[in-house]
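Colleague: These are the residues of each chain, in order.
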Amino acid sequence: MNETTSYDAIVVGSGMTGGWAAKELTEKGLKTLVLEAGRPIVPEQDYVEHVPPWEKKFRGLGDRRRQLEDQPIQSTCYACDEWSSKFFISDKEHPYTTAPGKPFRWIRGRQVGGRSIMWGRQSYRWSDLDFEANLRDGIAIDWPIRYADIAPWYDYVEDFVGISGEALGLPQLPDSKFLPPMEMNCAEKTVRGALAKHFSGERVLTIGRVAILTQQHRGRAACHYCGPCERGCITRSYFSSVNATLPAAEKTGRMTLRPYSVVHSVMFDAHTRRASGVRIIDAQTRSTLEFRAKVVFLCASALESVRILFNSSTPEFSTGLANSSGELGHNLMDHVKAGGADGIIPGNDDRIVLGRRPNGIYVPRFRNVKTRQPEFLRGYGFQGEGYREGWERGVAQTGFGPGFKKSISQPGPWRFTFYGFGECLSNHNNFVELDKQTVDAWGIPSLKIHCSWSDNELALRKDMSIAAAEMLAAAGAHDIQPFADEEPPGFSIHEMGTARMGRDAKTSVLNSYNQAHDVKNLFITDGGAMVSSSCVNPSLTYMALTARACDYAVQQLKKGEL
Amino acid sequence: MERREALRLLATGTALQLAPRNFLAALREARKLLDTKAAPRTLNAQQFVTVKTIAELILPRTDTPGATDVGVTEFIDLMLTEWYDDRDRSRFLHGLADVDARTQALFGENFAEASTAQQSEILIALGGRMAGNAGRMRDPREDSDSLPDANFYRMLRRLTLTAYYTSEAGATQELHFEIIPDSHDQCAALLTTKGSPEIE
Numbered sequence: 086m087n088e089t090t091s092y093d094a095i096v097v098g099s100g101m102t103g104g105w106a107a108k109e110l111t112e113k114g115l116k117t118l119v120l121e122a123g124r125p126i127v128p129e130q131d132y133v134e135h136v137p138p139w140e141k142k143f144r145g146l147g148d149r150r151r152q153l154e155d156q157p158i159q160s161t162c163y164a165c166d167e168w169s170s171k172f173f174i175s176d177k178e179h180p181y182t183t184a185p186g187k188p189f190r191w192i193r194g195r196q197v198g199g200r201s202i203m204w205g206r207q208s209y210r211w212s213d214l215d216f217e218a219n220l221r222d223g224i225a226i227d228w229p230i231r232y233a234d235i236a237p238w239y240d241y242v243e244d245f246v247g248i249s250g251e252a253l254g255l256p257q258l259p260d261s262k263f264l265p266p267m268e269m270n271c272a273e274k275t276v277r278g279a280l281a282k283h284f285s286g287e288r289v290l291t292i293g294r295v296a297i298l299t300q301q302h303r304g305r306a307a308c309h310y311c312g313p314c315e316r317g318c319i320t321r322s323y324f325s326s327v328n329a330t331l332p333a334a335e336k337t338g339r340m341t342l343r344p345y346s347v348v349h350s351v352m353f354d355a356h357t358r359r360a361s362g363v364r365i366i367d368a369q370t371r372s373t374l375e376f377r378a379k380v381v382f383l384c385a386s387a388l389e390s391v392r393i394l395f396n397s398s399t400p401e402f403s404t405g406l407a408n409s410s411g412e413l414g415h416n417l418m419d420h421v422k423a424g425g426a427d428g429i430i431p432g433n434d435d436r437i438v439l440g441r442r443p444n445g446i447y448v449p450r451f452r453n454v455k456t457r458q459p460e461f462l463r464g465y466g467f468q469g470e471g472y473r474e475g476w477e478r479g480v481a482q483t484g485f486g487p488g489f490k491k492s493i494s495q496p497g498p499w500r501f502t503f504y505g506f507g508e509c510l511s512n513h514n515n516f517v518e519l520d521k522q523t524v525d526a527w528g529i530p531s532l533k534i535h536c537s538w539s540d541n542e543l544a545l546r547k548d549m550s551i552a553a554a555e556m557l558a559a560a561g562a563h564d565i566q567p568f569a570d571e572e573p574p575g576f577s578i579h580e581m582g583t584a585r586m587g588r589d590a591k592t593s594v595l596n597s598y599n600q601a602h603d604v605k606n607l608f609i610t611d612g613g614a615m616v617s618s619s620c621v622n623p624s625l626t627y628m629a630l631t632a633r634a635c636d637y638a639v640q641q642l643k644k645g646e647l
Numbered sequence: 005m006e007r008r009e010a011l012r013l014l015a016t017g018t019a020l021q022l023a024p025r026n027f028l029a030a031l032r033e034a035r036k037l038l039d040t041k042a043a044p045r046t047l048n049a050q051q052f053v054t055v056k057t058i059a060e061l062i063l064p065r066t067d068t069p070g071a072t073d074v075g076v077t078e079f080i081d082l083m084l085t086e087w088y089d090d091r092d093r094s095r096f097l098h099g100l101a102d103v104d105a106r107t108q109a110l111f112g113e114n115f116a117e118a119s120t121a122q123q124s125e126i127l128i129a130l131g132g133r134m135a136g137n138a139g140r141m142r143d144p145r146e147d148s149d150s151l152p153d154a155n156f157y158r159m160l161r162r163l164t165l166t167a168y169y170t171s172e173a174g175a176t177q178e179l180h181f182e183i184i185p186d187s188h189d190q191c192a193a194l195l196t197t198k199g200s201p202e203i204e
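Quick note, the sequences are listed as chains B and C, same order. The C-terminal position of the first sequence is numbered 647 in the working numbering, with every residue numbered one higher than the one before it. The C-terminal position of the second sequence is numbered 204 in the working numbering, with every residue numbered one higher than the one before it.
Bound-form chain C, shown alone (with noise of 0.2 Å):
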């Protein structure tokens, strides 16, 4: 079972329909997952946490949600693990050491433990070389599916943005992004009204 349909199962109570022995393996095996949280699989404990970091530097929480809150960092360890190819990972891994070692050269300490200052002075300098690569785009949506990035910091931002806006909450909160939208108008006013994006 999946951390997200125990989840659910548990919310819905789809767990209900089920036999009483099965219901309660069920619900004993949700429980159970939820409880651990499932560890990082490929992110160890230091690159987790600079990748939490990094991403709640991005987005982080507000008046609504921020990276951590919606699982952003979990969801990148599970594209690690079982999305990109080995050579993609080991260039997103070495793309995180480096940025270790450049907090290490400019400040004497880890990324994580840099201070916000110093840690947003890193991010300008990642984002300077990103865009100092960066092809010309065509179309943005095109261009989701031409992953993987070749720049580290380019495929962080993505995975980040991806998760947060892909969530229930970012989705929901930040884009008022609705399964069956409320109304269609193609040309409706910004202010007075909230949109029903693309989200994916």
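Only chain B is shown next, with the shape it has when bound in the complex (with noise of 0.2 Å):
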């Protein structure tokens, strides 16, 4: 039988936004196409955060050998580990190249529901502090949108995701529509107090604002605190494509999800000035097919979906297609991390921690809120958390026999550790281009990635080593050690800005809605949105941006504007 090729909606990729693209075209009446480069995800098959270790064959330390192999950057992140790990690409199929001297660490995630799987989980809404940034600093462009434009859009994806977490009514910071927040663990407390002590409100230590349910909801069951969501959820507790807006779009009957479906590029009709559809190479036939949509949403992940512009280039785009500004691929940002402290909670002895709860707890920015920093712009938060120590602290210690197998395992001192992530400011040579030399396993050329940190984010890193000890000393810790790493960036794994919106079509790729200037049915709205990267993760506001684009486009759809 031959397979449909023409839908109403093309929704490129699978995961954190692609699957709010689903849920939303479809739920709105319009035939969906979502185009997944990786496999079907079964979660009754495939997610395993119930496999104890005694049943992994190195334990949980990963398959080394095989992973320097295949996974010698993927599996540099915490998530991508003997579990897991088959969340993660395989490297040797996905090449990419970097600028001499400027490492970057792309992770990435190729099945059905992406990144969502194995995600961080942290939901933060940003602020006009943020909105309004760029302008005040005269920093690249202005955000075409504020938190007033978001906000009714942070109501609606918040409502479905469920987002648990503790109101503070702080401007730099606004409040989401929670659900109840996880509890504090004990030296989590005691940090807490000493901050709201002696930091005069300025700086405020909360749990953790993430996307896992503390209460059934909306069909999902609460958190078992099992602990490694990176793992998958059978409960669906925590949000990701797979576990909440597939089945929601699965459930229209208006949605073909078609896996193993790697897009190479959007085909663009000169005549009409529109998106016709996308050529796809099926990953498994290695043919080339063709779809076609009145409308296309690219949500394949800010390098991603510019690569398949780049790779969509036509006489007139020969510089990618949407790219008449010049500014597709540039203005990478990523948030800067690696810098914290940590150090022993003294007290709480006789008590423990039981469950494992799948979320820290957060300080949000104090830098440059209220008071000018003269060192650096913007600011950073960070997350945390106080644990006991483990059997682990064994290793470096020398005693042996009964009495040392009896105290190391119970459970050792309590230890808090601060670790920020700060905002990297937009910055036009910070960029991708198609590297013609390079392709992946499908024969698509990849990218090669021009990125590093300028020194105000170098300066944010550094402020997060002091502030974070100044923290832990009020609290009267020990042994505190701050910390200011080197890493590249990429590694939060928050990459945005490749195809910035704003008001100008010179200065910006998308308008306000998302919708490329240059061609009115094409839509991006994973991070290559971004305008600014404030200092809060991301993806809550890629799915509200998300809602109101594709609310938007069937709007205009409906008008006969697309």
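What the hints contain is simulated information worked out from the structure, not anything from laboratory work. Computed from a predicted structure; not experimentally measured. In this text, a Cβ means the ideal position worked out from N, Cα and C, and glycines have one as well. Zero decoy hints are in this set.
Interface residues of chain C toward chain B, partial, derived using beta-carbon atoms under 8 Å: (1) Ile62; (2) Trp87; (3) Leu127; (4) Met134; (5) Ala193.
Each pair of labels, with its calculated beta carbon distance range: (6) Asn114/C <-> His135/B: 38 to 46 Å; (7) Val127/B <-> Asp73/C: 32 to 40 Å; (8) Glu646/B <-> Ile183/C: 48 to 56 Å; (9) Ser372/B <-> Asp73/C: 51 to 59 Å; (10) Ala135/C <-> Lys171/B: 33 to 41 Å; (11) Thr66/C <-> Ile319/B: 33 to 41 Å; (12) Gln458/B <-> Arg91/C: 45 to 53 Å; (13) Asn87/B <-> Arg91/C: 56 to 64 Å; (14) Val53/C <-> Asp570/B: 36 to 44 Å; (15) Tyr163/B <-> Arg91/C: 24 to 32 Å; (16) Arg106/C <-> Ala559/B: 43 to 51 Å; (17) Gly186/B <-> Arg91/C: 24 to 32 Å.
Pulled from the structure, derived: some chain C residues nowhere near chain B, Cβ distances all over 10 Å: (18) Arg45; (19) Asn48; (20) Val53; (21) Lys56; (22) Arg91; (23) Ser94; (24) Ala101; (25) Asp104; (26) Arg106; (27) Gln108; (28) Ala109; (29) Ala116; (30) Ala118; (31) Ser119; (32) Ala154; (33) Phe156.
Put the complex together from the two separate chains, hints included.
Modeller: Structure, rendered in structure tokens:
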């Protein structure tokens, strides 16, 4: 039987934003084809969060030789372990290059669900401190939207996703529509109290705001605290497209989800000046196929969506489809991290944590909020957690025998770690280009990435270590160890900015509704759209922008404007 | 088929779901694997007994199983065979030879044949040297990623503790690990409850 090749809408990618586009477009009545480059995921077979370490050959240490061979880049990510490495790409099949002296870690997942399966789940709203930042500082271009434009869409997606957290009423970190917060442990409560006492409301510690259910929500069960979310979740308690948006899209009966569909390019009709559809390579048969639609949503991630547009060049758009501005692929950002501190929090020796809470704490941005910091622009937030040391501490100890065995199976001292996530400034010179010499396993040209931290990001990282140590000192910690490690961009896995929004088609790729200035029926709603990076985790904002863009696209389609 | 798979096959009756002919073949293969208990592939007999003796000294059988009971030495042999590179394997084997050389020099015996008191003296010396060249650790959990260790004894300790506490007996009997925790409480009293710790 011949496959249907014509749809109302095509969504490229089935991860965080592709799942939302699929849900919104199908629920609004569009027959939608969702193209996913990787394999299908069947939670009952593929999720492995309840497989104990004694059933893993290397007990969680990973198959080192295979990883060095096949996943030397991916395996540097904490989540790419002996259980979850199957959710990360093969670096051999998906090569990319970087400019000399400018390493970039590109961490990818290609399967239905994309990286929403192994994401960090931290979910924070942006504020006008973020949306007005570029205008205020004279950096890059201004955002074409403000908090008021996106706030109803945060409400909308949060109602579906389920975000647990604590309302604080802070202007720089607006509250979400929260489910009840997860509980803080003893060390965290100690540090929270110390911050309240010593930083007069400027620095506040709260439980992480996280897309994990603390109560039953829209047919999904509350978290059971087994711990390793990045391995999947059979109770669907954390949000992913597989757990939530794709089933909703499926329910409409209007979604066709096509795995093993590696999108090569978007086809452009020069007469209508519209995207006519997409060209794919079937990953299993290797044949080239074409699918047509009235509207195309690129949700393949900031770098992959841009790569597709580079590979879609036409005589008119010789440097990439929808690139009349020349900004496509430029202004690549990621969050700067690897700065913070840890220490030992005395006391609470008779207290212990039961269960493995898949969430930490958060300290909202406090730099350049009320007061000006002369050393740098913008700021950072801290993630972190308190925990009791486990048996691992016994490795470095010299004891042995029955007494040692008994002592090491008891919990060790309470430790506390803060690690910052800092804003990255938009910079035209951080960019990607097509590398025609480097092709992936399907012969599609890959990217060469040119990206490095500026002095501002390095100053933020240094300040993270100082501020984190100050907070630990205020909490009476000892053995405080500040750190500010070298770490290349990419590793926060928050890459964004490569197809930015803007009011002016000369300086931006997308308008304020994620619609390409040059190609009216082409939308990009992944991280590519971001104009600045804020310091908070971006996924919630991508989701809100995607839902908003879908609403706009369907309205425009009905008006005959696309 | 892996030994662990074989055990599971026999234990869970998964094999019953297979077609009769496959079932018999699977059962035969599983039995064979368990009977032979896969011979070490990197450690020779003397090295094997040395590792086994040290591991059991570090984590002996008490009211809970010890290192030998949970197969620590077999795991270390697997790691040396399939995980470490040549340099690290050779560092480990050299370290092991040095243990025997030290014991010979002091007591005129190989380590495994020395008395428990003599073995303890050697371990104390190895521990002293390890502590002497240990850099300060930042986060003990992060450190578990920074394999391999430069110091032989530290490498052996890490392997021993990892194999033990990630084994079913070590995790469940010593640490009271539950895959799906009975309950969750961020500030529970230590004495009246059992933990549900991180084990990897």
